[in-house]
Each structure stands twice: as structure tokens, then as C-alpha cells.
Amino acid sequence: MFEDGSILNQLLVERLNYFIYVVLLLIGLWAMIAKNNLIKKLIGMSIFQTAIILFYVSIGVKKGATIPIYLPEHDPHGSNLVTDSNSTELTAHGPQVLEASLVSGYTNPLPHVLMLTAIVVGVATLGLALSVCLRIYRGYGTAEEDELLEKLEREDARNTGGLTRRRPRSRRPNRNKATNNQSKRSASFESSKSQSPKNKNRRPSNSKPKVGSSSGSEPTENNKPKPRRRPRKLSARKPGENKS
Amino acid sequence: MKRAALILVLLIGLLLSWAAKDFPSWGNPQAPASSSPVSSHFIASTGVDTEVPNMVTAVLADYRGFDTMFETVVVFIAGLAVVSILRGGPTRRTRDRKFVVDFEPDLIVTNTVRLIVPVIQIFAFYVLAHGHVSPGGGFQGGVAMGASFILIALSWDLKTALNRFSIDRCFTVAALGIIIYAGIGLLSMVLGGEFLDYAHLSQVLPVSPEMARYHAMLGVEIGVGFTVTAIMFALYASLSTDGRMQDGL
Numbered sequence: 001m002f003e004d005g006s007i008l009n010q011l012l013v014e015r016l017n018y019f020i021y022v023v024l025l026l027i028g029l030w031a032m033i034a035k036n037n038l039i040k041k042l043i044g045m046s047i048f049q050t051a052i053i054l055f056y057v058s059i060g061v062k063k064g065a066t067i068p069i070y071l072p073e074h075d076p077h078g079s080n081l082v083t084d085s086n087s088t089e090l091t092a093h094g095p096q097v098l099e100a101s102l103v104s105g106y107t108n109p110l111p112h113v114l115m116l117t118a119i120v121v122g123v124a125t126l127g128l129a130l131s132v133c134l135r136i137y138r139g140y141g142t143a144e145e146d147e148l149l150e151k152l153e154r155e156d157a158r159n160t161g162g163l164t165r166r167r168p169r170s171r172r173p174n175r176n177k178a179t180n181n182q183s184k185r186s187a188s189f190e191s192s193k194s195q196s197p198k199n200k201n202r203r204p205s206n207s208k209p210k211v212g213s214s215s216g217s218e219p220t221e222n223n224k225p226k227p228r229r230r231p232r233k234l235s236a237r238k239p240g241e242n243k244s
Numbered sequence: 001m002k003r004a005a006l007i008l009v010l011l012i013g014l015l016l017s018w019a020a021k022d023f024p025s026w027g028n029p030q031a032p033a034s035s036s037p038v039s040s041h042f043i044a045s046t047g048v049d050t051e052v053p054n055m056v057t058a059v060l061a062d063y064r065g066f067d068t069m070f071e072t073v074v075v076f077i078a079g080l081a082v083v084s085i086l087r088g089g090p091t092r093r094t095r096d097r098k099f100v101v102d103f104e105p106d107l108i109v110t111n112t113v114r115l116i117v118p119v120i121q122i123f124a125f126y127v128l129a130h131g132h133v134s135p136g137g138g139f140q141g142g143v144a145m146g147a148s149f150i151l152i153a154l155s156w157d158l159k160t161a162l163n164r165f166s167i168d169r170c171f172t173v174a175a176l177g178i179i180i181y182a183g184i185g186l187l188s189m190v191l192g193g194e195f196l197d198y199a200h201l202s203q204v205l206p207v208s209p210e211m212a213r214y215h216a217m218l219g220v221e222i223g224v225g226f227t228v229t230a231i232m233f234a235l236y237a238s239l240s241t242d243g244r245m246q247d248g249l
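Residue numbers (the working numbering), protein chains in the order written: chain A, 1 to 244; chain D, 1 to 249.
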């Protein structure tokens, strides 16, 4: 099955890197197309980007080559220059360009450079996209695409003749209803936090969990029995302070 | 809808696999990417041009200096956009107590982090400053440095970290990084070269033109490191708190 020349051998043995990049790319593409949640779409985009990065880096691999940093004996200004400085020929030709036979001993630096910046810029742009998602969630109370489209259509129907869709303040009361109806799929924070009791176990301290909507205003925190164990020097927060 | 998407994705997968059959095999030295004149030129003459042993750093900060500068600007603008998108806005009413997570910082965690954070920061400086002769550079060092502040925010709370590195200071530092980068470029322009042509800095530095490029690359990497550090932490601070900069994760 994997004998030489067969297509499986070509794909899965000789070109496994490309196969993995194709698979990652497809996972990302699938998430971007088929997932309903905006955050999941973004993570799919991130996986897609990872596939491209893997593709570039695997292109830069060269068999029998070392990392693209000069070995000491090849560095034109390194130990070579020091040994040459005793001879008088240094002023004649100076540091020499690496010969072609030595060039093949170093991997290609260009893919690494391109991906180095792409990773950091990818993180920054992913953060930007997530912030837009957060803002959408803050405005519409959902990050699910179908609920979002429904709300937008309803809003369009409401103010026909209006210039633009304005901010969705008026739909606040609808939000809980919408999320309760679809709480199976909903990613809304409120419904999951205020309804599921297992969230209480995730609070690591014995303080009253501040879940729910209104219980946070009563100052039950000040008489909690737990002593401060935090080291004082680095802590900027006093026990009751964040209740404000 | 999902079925159509699946069919589409599988079709694209088949096409890509079919195309991957024609790619050069893994690690082939005769592959077009490895034998192209551009990368051969970089490998052969980086040492002569710049005295920097690490070709990746040399290509990043010198040969492709424009690219790196504007990528730093992209990072800066992204951070600025995240903070300004999340800060303010019409519906501040989600600012209730739903997100408040109240806990005491753990003794073991905080003391471990207190031991680790200086090591991380020194390592970040090492990665940044030693990026010419070993793997490293401004982006990597900046990310490690930003991660140390994120670690402080995770183990204590965001307020503790913001007391050390406030958001305003983040953007001051980020802008300072870009000013350092562009300033080195402008300085070499003033000295008679082109923008980001560091060799002309040898007129003000008491070194050879190749060594001037080495030192200018270090300055450029420091600028990149400033920007990346500040923006990484600003991204974390605003995204983890929905822009309120308090009571976050």
C-alpha cells in the first residue's frame, strides 16, 4: 500500500508536511464556514493561519543543513577574520562571501523571517477580531450567527426608513428569552453562569460567588473568616476593596 | 448548509492534496525555495554586509527593515484599536457584577510567580539583546516580556499588574518603540543614506559600517520589543475584562 511510487506513499510518507498542512487548513476552513458561533469562526481562522505558517516553515527545511546562524568558522567577521588579520592579505580582499558549497549547509532564512512577523501580527489581529466579537456580544447579547442575523432583520424591520441600524438598546429585554430558548447552543455568558450550579464550584475561595445578577451589591464579603494569606508586598488589593 | 460546506471543504482538500503531490519532497535541497537566488544571497552575504551571524535577524531588521517596521505599526494599531473598541461605547450596562470573579490570590501560586517572573524578564532581555548571535530578537523577547506581565495579572489580579504597567504607559511604551525604530531610520536618512540604511550610522558611531548595521539592528529590535511587550499586555488587559480594565479574569 505504501510501496514506492504509489500516491499514498507520495502523500503520506514523502510529503507528510504538506498533508498535515492540508488537514489543518481544512479544519480551519470548516470551522470558518460551518460553525455558527463567531468565536469559533475566529479560532478556525487562527487554525487556518497556523496551517499556512506550518507550510512556510516546512518549505524552509533543508536536509543536512543547520540553522541559519553562521558557524564560527564560516562567519566572515568572526574567528576567520581574527586569524586572517595577521596576514597582509586582509586589506586586499577583506571578508569573503560564503562559497556556494557552504551556502547549501544553511537552511533558508526567508520563511523563518516571514513567519516570525506573521505570528506576532496574527496574534494582534486575532485580538482585534476578538474585541469586535466582544463588542457585538455586548451590543446584541449573542455571538451566534443565526440569532444575530435574526436580530438584525428584526431591527431592520422595526426602523424601516431609518438611515442606519442604531445601537440595540431596545432589545435588552429580549435577550434572556432568546438565550433561554437556545441555551443548548448559546454561548451567552449570563445564561450559563446564572443557571448552572456547577459554576459555584469553580470559585476557588470560600467567598460568596458573585454569580447571579443582583446578589453582588450586598457587602457580605467583609466578614468572611478567611485570613489574608497573600504576601503583602506585591498585593495591591485589599480584601473588601473590590466590592466598592 | 453544513452538508454543502462539508462537500466544499472536502473538494478543496482533494485539490490541495492533488497539488501537494507536485511539491518538492520533505527537506529536498534542490527545492525551489531553498535554491532560489534570494535566499542564497542572504546566506552568502549577510556576514559580509552586516557582521551579524544570525541571518534571520539580519534579514528581518536590515534587508526587510521596511516590512518589519510596518508590521510593528500593525501591532501597535491593532492594540490601539482593541482598547478603543472595547473602552466606552454605547452599552456600558453590561458592566454589572456578572463578570466579577472574586478570589484570594493563592499563596503557592503567587510565591512561585514571584520567583519566576524576574527569571522570565531577564530571559526576555537576553533573547532580545542576544538575538544577533543566537535565535531570538525583538518579537520573541517582547512576547516573553509581555507574558511575564500577563503572568502577574493571572496569579494576582489585573489591578496588581496594571499598577506596574498601566494602559496609558503601555501605549507610551509602544509608541516609543515605533519612534525608536523610525528614528533610527530617519537618522540614517539625515546622515546621507536612504531610510533604514543603517550603514551610514557609522558617521556618528565609532565603528565600521558593518558594525554600525549590527548596532542599529539592536536598536531596531529594542524598539520592536517595546511595542510588542506593551501591546501584548494591553491586549490581554482589555480582552480579559471586556474593556473595563478591572475585575477581570
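Derived by calculation from the structure, the hints in this document are not laboratory data.
It should be emphasised that the depicted structure is a prediction, and the values quoted were computed from it without experimental measurement.
There's no promise every hint is true.
Examples of chain D residues toward chain A, derived with CB under 8 Å [to be verified]:
1. A44
2. V73
3. V75
4. L186
Ideal Cβ placement from N, Cα and C applies to all residues, glycine included.
Are D/V73 and chain A close enough, Cβ to Cβ, to be under 8 Å, as the hint says?
violated (10 Å)
Under 8 Å is the threshold here; is the Cβ of D/L186 close enough to any Cβ of chain A for the hint to stand?
Hint violated; D/L186 Cβ to chain A Cβ min 21 Å, cut 8 Å.
Against chain A, with CB atoms and a cut of 8 Å, does the hint on D/A44 hold up?
Holds, because the Cβ-Cβ distance from D/A44 to chain A comes to roughly 4 Å (cut-off 8 Å).
Grab the minimum C-beta distance from D/V75 to chain A and call the hint holds if it beats 8 Å, violated otherwise.
Given a least distance of 4 Å, the restraint on D/V75 holds.
Of the numbered hints given earlier, the model fails hints 2, 4; all others are met.
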